[in-house]
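Guided by the hints, dock chain B onto chain A, whose structure is given.
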Amino acid sequence: MVNQETVQDALRVVIDPDLRRDIVSLGFVQNLKVHANRVAFTLKLTTPACPVKDELRKQAEDAVRAIPGVEAVEVDLTAEVRPNPGAIGRAMLPGVKNIIPVASGKGGVGKSTVSANLAVALRQAGADVGLLDADVYGPSIPMIMGATERPMPSGGKIQPVVSHGVPVISSGFFVQPGQAVVWRGPMLAKMVEQLLAGVNWGELDYLVIDLPPGTGDVQLTLCQRIPLTGAVIVTTPQPVAVNIAEKAVAMFNQLKTPVLGVIENMSYWESTKTGEREFIFGAGGADHISQKWDFPVLGKVPLATTVRETSDGGRPIVLDEPESPAAVAFTECAQNLAAQVSIHNLKSEADDLVKITF
Amino acid sequence: MSAPESPRPIEIGRANEHDVKIRWKDGAEAVYPARLLRLECPCANCVDELTGRKLIQEGVIAEDVHPAGIDPVGRYAIQIYWSDGHHTGIYTWERLYDLMQKL
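Protein chains in written order, with numbering that gives the first Met the number 0: chain A, 0 to 357; chain B, 0 to 102.
Bound-form chain A, shown alone (with noise of 0.2 Å):
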């Protein structure tokens, strides 16, 4: 007899490998139903950027299917990501699921290409995902996302620009073209807490945001002011990057947000003729940083004219050469950054509270 409980038993087999628990007790098997020997259920992922989603809906459909007596396996595939529980309640950005700010230490590794095309490869996975460029000295993401407009305001805040489906909003937006961002700190952390609360977000899972480089007071701004769900670090392989971008995961062990991951960015040159690969910045920067700080490498991106030539052109390379090997660097980027936030948010839940009751 194929019934409700056989199923999911049969199910509890399939292990989600990142988040390292059975699909049941995560609770992504929903709406299950079984009529005259049919069984169709409903996997509700943690993210509609889930690297592994095909393989687990396989293994489900596998497990189900070979109950005795099952004739037909029907499984719909829906995500719904999860908040980080620090932020559930929280006044300042009230539908923003998760806050992910992407750093790096040394300027010039690519860090606003990195962030923009994480924004729109983890959109086009079907996410809901906004960008806010805080590298207030020198903001690149209007020219890297195309966004031209000017933002407007719409009921006492501002409401971000739309780019290729990415809500976008840049400190640049607001200094006029031609000036010079030349500000002490208190104005710094004024403007970050601006571009947060006073910008109609909406309803979000993920907000990127493209710091500066280096541990300065927009860092310590976001830090003290929000709870993160984790930053992403971005280097390129040689040590002079490497080292810079070491200290800015210290500040944020310091201030006690979590790394998600590390992304080396420029990282190898492939050749088109030939193939052979040459690394022109050497090699094994992020791996270095990975193993030394316990936390993955997210992925490895390759310096590509392409790259260059869609970020000035405002279209970050993911929406246009999908296939090209940097593209497909940035999508694995995207869903291991993903994968990441699920199991940080799942870890958060079971220990990371702190209850304030005063």
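Don't read these hints as lab results, they were simulated from the structure. Not one of these hints is a red herring.
On the chain B side, residues computed to face chain A include the following (Cβ under 7 Å):
id: 1; residue: 8
id: 2; residue: 11
id: 3; residue: 12
id: 4; residue: 69
id: 5; residue: 73
id: 6; residue: 75
Restraint ranges, calculated between C-beta atoms of paired labels, are given here:
id: 7; chain 1: A; residue 1: 181; chain 2: B; residue 2: 78; range: 27 to 33 Å
id: 8; chain 1: B; residue 1: 49; chain 2: A; residue 2: 93; range: 36 to 42 Å
id: 9; chain 1: A; residue 1: 304; chain 2: B; residue 2: 93; range: 47 to 53 Å
id: 10; chain 1: A; residue 1: 312; chain 2: B; residue 2: 78; range: 41 to 47 Å
id: 11; chain 1: A; residue 1: 242; chain 2: B; residue 2: 24; range: 29 to 35 Å
id: 12; chain 1: A; residue 1: 14; chain 2: B; residue 2: 68; range: 42 to 48 Å
id: 13; chain 1: A; residue 1: 76; chain 2: B; residue 2: 94; range: 44 to 50 Å
id: 14; chain 1: B; residue 1: 93; chain 2: A; residue 2: 312; range: 44 to 50 Å
id: 15; chain 1: A; residue 1: 186; chain 2: B; residue 2: 9; range: 32 to 38 Å
Mimicking SDA-like on lysine to any residue, the simulated pairs with C-alpha atoms at most 25 Å apart in a straight line are:
id: 16; chain 1: A; residue 1: 354; chain 2: B; residue 2: 82
id: 17; chain 1: B; residue 1: 24; chain 2: B; residue 2: 72
id: 18; chain 1: A; residue 1: 346; chain 2: B; residue 2: 22
Note that the Cβ used here is the ideal one computed from N, Cα and C, for glycine as well.
Leaving out everything else, chain B in the frame of chain A:
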């Protein structure tokens, strides 16, 4: 994270009308008298940033000073809004944990 396990509170609440009670993850529990917490304010107005010398003058702090509200600061500290209007001190988990020895 490979950083050593640092103290982490589970609950920060009231011990009575004015005093703060903190329950720690390692099982420790302590009541922090309100005025003592106020006198331990770590902000730059109350403690010299370079020498660590206390600048706060005990005589001018009211006997019945107490927190009016407590806000979390990121994932590592709290900010206390005091009945006398002071609110610039950021009390980190480490600092609060170490303070238990002074109680």
